[in-house]
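Protein sequence lines correspond, in order, to chains E and A. If you use numbering that gives the first Met the number 0, the first sequence corresponds to residues 0 to 396, in order. If you use numbering that gives the first Met the number 0, the second sequence corresponds to residues 0 to 396, in order.
Heads up, some of the hints might be wrong.
Note that the list lumps identical chains together, so a pair holds whenever it fits in one copy or between two copies.
Stated by the list, open to error - Quick list of in silico lysine to aspartate or glutamate cross-link-like pairs, EDC-like style, CA-CA up to 16 Å: (1) K227 <-> E40; (2) K126 <-> D33; (3) K370 <-> E143; (4) K329 <-> D316; (5) K329 <-> D221; (6) K249 <-> E107; (7) K165 <-> E144.
Keep in mind that the hints were calculated from the coordinates and are not lab data.
Number of protein chains: 2
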Amino acid sequence: MFKKIMNADHARELFLKALAPLTGYELLPIEESDGRIAAEEIIAGMDVPHYRRAAMDGFAVRASDTLGAGGNSPVMLKLGKNVEKGVCGRVHTGSPVPEGADAVVMLEDTVFHDSMVEIFTQIHPFKNVGEIGEDVQKGETVIEEGHRLRPCDIAVLASLGIENVKVAKKPRVAIIPTGEELVPRRKRTLRDGEVYETNGLMADLYIRKWGGITRLHDIVTDDPAKIKEAITSALDTDLIIISGGTSVGKRDYVPAVVGSMGELLVHGVGISPGKPSAIGMINGKPVVCMPGYPVAGIVALYWFARPALWKIGRVPDEPEKIVRAILAEKITSRTGYMTFTRVRLETPHAGSYRAIPLATSGAGILSSVSKADGFVIISENVEGRSAGEEVEVVLID
Amino acid sequence: MFKKIMNADHARELFLKALAPLTGYELLPIEESDGRIAAEEIIAGMDVPHYRRAAMDGFAVRASDTLGAGGNSPVMLKLGKNVEKGVCGRVHTGSPVPEGADAVVMLEDTVFHDSMVEIFTQIHPFKNVGEIGEDVQKGETVIEEGHRLRPCDIAVLASLGIENVKVAKKPRVAIIPTGEELVPRRKRTLRDGEVYETNGLMADLYIRKWGGITRLHDIVTDDPAKIKEAITSALDTDLIIISGGTSVGKRDYVPAVVGSMGELLVHGVGISPGKPSAIGMINGKPVVCMPGYPVAGIVALYWFARPALWKIGRVPDEPEKIVRAILAEKITSRTGYMTFTRVRLETPHAGSYRAIPLATSGAGILSSVSKADGFVIISENVEGRSAGEEVEVVLID
Chain E
0 MFKKIMNADH
10 ARELFLKALA
20 PLTGYELLPI
30 EESDGRIAAE
40 EIIAGMDVPH
50 YRRAAMDGFA
60 VRASDTLGAG
70 GNSPVMLKLG
80 KNVEKGVCGR
90 VHTGSPVPEG
100 ADAVVMLEDT
110 VFHDSMVEIF
120 TQIHPFKNVG
130 EIGEDVQKGE
140 TVIEEGHRLR
150 PCDIAVLASL
160 GIENVKVAKK
170 PRVAIIPTGE
180 ELVPRRKRTL
190 RDGEVYETNG
200 LMADLYIRKW
210 GGITRLHDIV
220 TDDPAKIKEA
230 ITSALDTDLI
240 IISGGTSVGK
250 RDYVPAVVGS
260 MGELLVHGVG
270 ISPGKPSAIG
280 MINGKPVVCM
290 PGYPVAGIVA
300 LYWFARPALW
310 KIGRVPDEPE
320 KIVRAILAEK
330 ITSRTGYMTF
340 TRVRLETPHA
350 GSYRAIPLAT
360 SGAGILSSVS
370 KADGFVIISE
380 NVEGRSAGEE
390 VEVVLID
Chain A
0 MFKKIMNADH
10 ARELFLKALA
20 PLTGYELLPI
30 EESDGRIAAE
40 EIIAGMDVPH
50 YRRAAMDGFA
60 VRASDTLGAG
70 GNSPVMLKLG
80 KNVEKGVCGR
90 VHTGSPVPEG
100 ADAVVMLEDT
110 VFHDSMVEIF
120 TQIHPFKNVG
130 EIGEDVQKGE
140 TVIEEGHRLR
150 PCDIAVLASL
160 GIENVKVAKK
170 PRVAIIPTGE
180 ELVPRRKRTL
190 RDGEVYETNG
200 LMADLYIRKW
210 GGITRLHDIV
220 TDDPAKIKEA
230 ITSALDTDLI
240 IISGGTSVGK
250 RDYVPAVVGS
260 MGELLVHGVG
270 ISPGKPSAIG
280 MINGKPVVCM
290 PGYPVAGIVA
300 LYWFARPALW
310 KIGRVPDEPE
320 KIVRAILAEK
330 ITSRTGYMTF
340 TRVRLETPHA
350 GSYRAIPLAT
360 SGAGILSSVS
370 KADGFVIISE
380 NVEGRSAGEE
390 VEVVLID
């Protein structure tokens, strides 16, 4: 029996409050910085453009020279090198606007013969001229500290001649699969009572996907001394994830070992599946204990490990990848538990979704996650959702 | 002037219809297959579990032996090696259920002393027993062809002892930046009329992010022969992206060169920004011509290059990453053009979003994308959206 089941939001807040973002950074060539977090504000060291640039192919003019020009009453200008009263200059998109000119007439509004240009429209000053600093001004903040860099941001850095960028370090994450029933995946045959290790692999892949650097420990058997040894060896990382041995059975030593080495903040959480999750801190290092049941494990990864990783890694909160769908059948949930119901999505019409709840049995059925596209998350104080209701489906990464 | 502006959806359909998915595959260790596309159906070669497994810590029994047991009237069983009438066996979660037993009584419903076990509850057959194949049955399809593999899918493969998986090849994409004003990024100083090359870099990063293997060509000047040479050198790839030179100005040679080498399917599209986009096919190889103006360029990447990459790479359609937000100010759009309006998101309250349109000038202002979190896409037949309306914001990758 769990002594106390802690509310899911409360447990997460308690955990996140105990975490401090990493302070280090690394310097990367901008080409390799996609998806990384800017570790400092980036200030433009130059104007973009750094010269007055033509926004159109056409002729640079003094706008005042076009006064009165119209479709039937063109103004005639000389084509010259230096633009001055009565003289215009050829420009194309992106080329510098000559000194003396203050506007550009589009090619389409002109007729050119010999060294003379007929202008068929009256334009105002600054028309079709990109001023210095129009895109980015020298001294301007182009990237805020903590921003996640996207290709379009990196293009801005490139436009400023910036070659390297300071980004937040990726958190290092140790993953420790435990369980005497587990067998390494390269072993060919299984005896009764044995299963291939999968939770550690799954955690490893999710953490890498979410931005961490992983170190996957060998399988540890259900032995407190061995578990302690494995945790000790992982204390040089920034986050420790232990899979299995988190419940209240005879062989569930993990929470007690974590408590003996540091502080067990949470054991027993109001999430379903995922109740036997536990959270601790050892020497300032956060520890997520994910249940050995794989579906419960993935919920613990989503609920605790991902936000912890992101807080440590200075990754800004991002909206979930959500799809709105009509629920095909009612789903029931466990009052007092935040319930993660697996659903499959169908698209009967382009752009419209139906969510089909998977007739899932227990938290032990890994294939039920693999068959699911996402979760419908039902809060503690709700008993379920009805068929036909619109629900938000959180897509599984 | 563009001869004809093609409707955005029509242009995209025309393009995608001309593309054939790549047929090759590569064999990868499952650990490296996250995000990749299964190139074949994957069938379970074994049952999971492959033995009857206990779902709880407790005692394996013959359910019939618990008949009449209750809180005040326990049934007494002997603890033994072989379960038979009157004899039960110790099990823990995941361990094999001994032959002869057909159910497991939870530890919490028992009291154990010496070699005798008191059972305080009556249970039915199969209770707390995971049958063979309960998770995955031998012969079952666990992964459909064309499915994008996620860590939870890979965990299922691992549970089946599968070590390698056939995945679709990543498309190879050549990116050719053109423009005589462009300067390679390592060059330190810019003269008037010069800008650093950024569109090619941006396309390169987006294509890599979206699952392609890129080859970024050196900058090509505005010279039809040089452009042709660059395209020719790229015909060994699966998709060619050319940036710049796509409009109808004097130096815009790209569409004509593409047309001369193959077929120009589209030139001039009803998207804003992005009108000067062009699409062609050369020797069966798709060519996306993205406008040199960076904001128009990114729209062309999203609208044409990404779906083309995904069709070639056999990537299933995925919902956009969308956030619903209340529009803070009205936005106007260009009738007849599918308009991509850049917006910044604010979160006045947790979970609620406000979309602030960016007071953007032209398609040439790269920093306006960098300042934006996403696009509000307004269809051709709508004039705009009002302040206070709920809109869908497509987040920029």
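Hints versus structure:
Taking CA atoms no more than 16 Å apart as the test, K227 paired with E40 passes in neither setting, with 41 Å inside one copy and 42 Å between copies. Within a single copy, K126 and D33 get their C-alpha atoms no closer than 36 Å, and across copies no closer than 51 Å, so neither meets the 16 Å cut-off. Taking the shortest Cα distances, K370 and E143 sit within 16 Å of each other only across copies (10 Å), while inside one copy they are farther apart (40 Å). Within a single copy, K329 and D316 get their C-alpha atoms no closer than 31 Å, and across copies no closer than 27 Å, so neither meets the 16 Å cut-off.
Neither within a single protomer nor between protomers do K329 and D221 lie at most 16 Å apart by alpha-carbon distance, with minima of 40 Å and 62 Å respectively. In this homomeric assembly, K249 and E107 come within 16 Å of each other (Cα to Cα) only across copies, at 12 Å, whereas the closest approach inside a single copy is 84 Å. Taking the shortest alpha-carbon separations for K165 and E144, only the intra-copy value of 10 Å comes in at or below 16 Å, while the best inter-copy value is 41 Å.
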